Amino acid sequence: MTELTDQSVIAPLVATSSLQVMVSLTMFGVAVIAPVAAPDIGVEATLIGTFIAIAYGAGMLAALLTGAFSDRFGAIRVGQTMMALAFLGVACLALSSPVAALLSAVLLGISYGPINPLSTHILARVVPEPRRPLFFSIKQSAQPAGTALAGVLLPFLVYLFDWRVAILAAGLSACVVAVAIQPFRQRLDGARDHGRKIRFGSVIAPLRLVWGESRLRCLALSGFIFSGSQVSLASFFVVYLTDAFSMALTTAGLVFTTMQIGGVIGRLFWGAIADTLVPANLVLTGLGFATGVFSIILCNIAPEWPIVFLVVVSFLLGATSHGWNGVYFSELVKFASARTVGDVASGCQFAALAGLAVVPAIFGLIVTFSASYFAAFVTIAGAMFIATTYMGLILRKGDRL
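The numbers in this note's numbering rise by one with no breaks, and the one at position 335 of the sequence shown is 1686.
If you're looking for bench data, these hints aren't it; they were derived computationally from the structure.
The model shown is predicted, which means the values in this text are computed figures rather than measured ones.
Be careful, since some hints might not be right.
What the hints assert, rightly or not - Have a look at the derived ranges for each label pair, beta carbon to beta carbon: (1) Arg1559 to Asp1513: 43 to 51 Å; (2) Val1663 to Ser1721: 23 to 31 Å; (3) Ala1653 to Pro1449: 42 to 50 Å.
C-beta atoms are modelled at their ideal positions from N, C-alpha and C, and glycine is treated no differently.
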């Protein structure tokens, strides 16, 4: 494990992880403050699903252009630009109007979409292949870490000040990171292609590449379900606890943080497992099945049950539903060459963001029309079982493209 102390790997890992923390803090910070922000904005808190859908719809298009923009301007510079957009997104939300909230969703989505592809673009070039599951999982653990940070800090900032101050603090943190990673740019963006043209074909190429290869297509379609289920669970978790359990926002935020801590530990644990003991594709299928099981358990917990049971299930649900990402991106890199890895990551990220745009909205509609969270959680579980079966049948080790 000497790579863990290799500065040529540590610098990219720190930079990409920092970017991931910040986009997660700003994006999912909105979900945390939704119960108190929604009345001021003039909407229902359950419309957080629609907000997330709009955000990831915008992020889908941004993701497809990430490979081209990273080649042309450098992945670090693209990441810094996304931090600025994240700040603008939360600033719009703080204006407290439905129209400003719509613009906020678009800006936050654009800031979120490129982060995974540009991170994959960077790490695939510097991390040895045998260590990729672990290193990609370390980087991906920054996502639930950022979300956990939102769950811990934002409710208390809301309590001390108000929700506007809380979400603006998250945006200012993103600006700090944009400045802090500047020293990494000279080395990590040194191989820019100044002649790279940004054309309409830059959008289509990743989709054509991914759809044309059966294993990449399997990863893309499975990623649609995995990511959509993960974000549905995360986005509605606090609202679910405050509605179904009549839980105070600060208490719900702490339980939500437990879920995200499970995600951090899970990503590291499953990355290490895929790195040393079990093939990555088997780890992915196991995580999909476990997510479905724990989703069903969660929606069957009664409010009068001991809270420790809810905390344990939340932790395990976080470890499974959030634990797949690093292993997933290390797996897709297996089927890409150095020349195509950026486009492969962009194409699969497009599919993942499509899931983020579609599945939470469906989850919210199911809750609205059924007046219950049970049907929504069961739907998530069923989708995960289908995706897991498909992945188990199709996904195999293979050659690079």
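Taking the hints in turn, this is what the structure says about them:
For Arg1559 and Asp1513, the hinted distance range of 43 to 51 Å is satisfied, since their beta carbons lie about 48 Å from each other. One distance hint, 23 to 31 Å for the beta-carbon pair Val1663 and Ser1721, holds here, with the actual separation near 27 Å. In this structure the hint that Ala1653 and Pro1449 lie 42 to 50 Å apart at CB is violated, the actual value being about 36 Å.
Figure legend: structure checked against the earlier numbered hints; the only hint not met is number 3.
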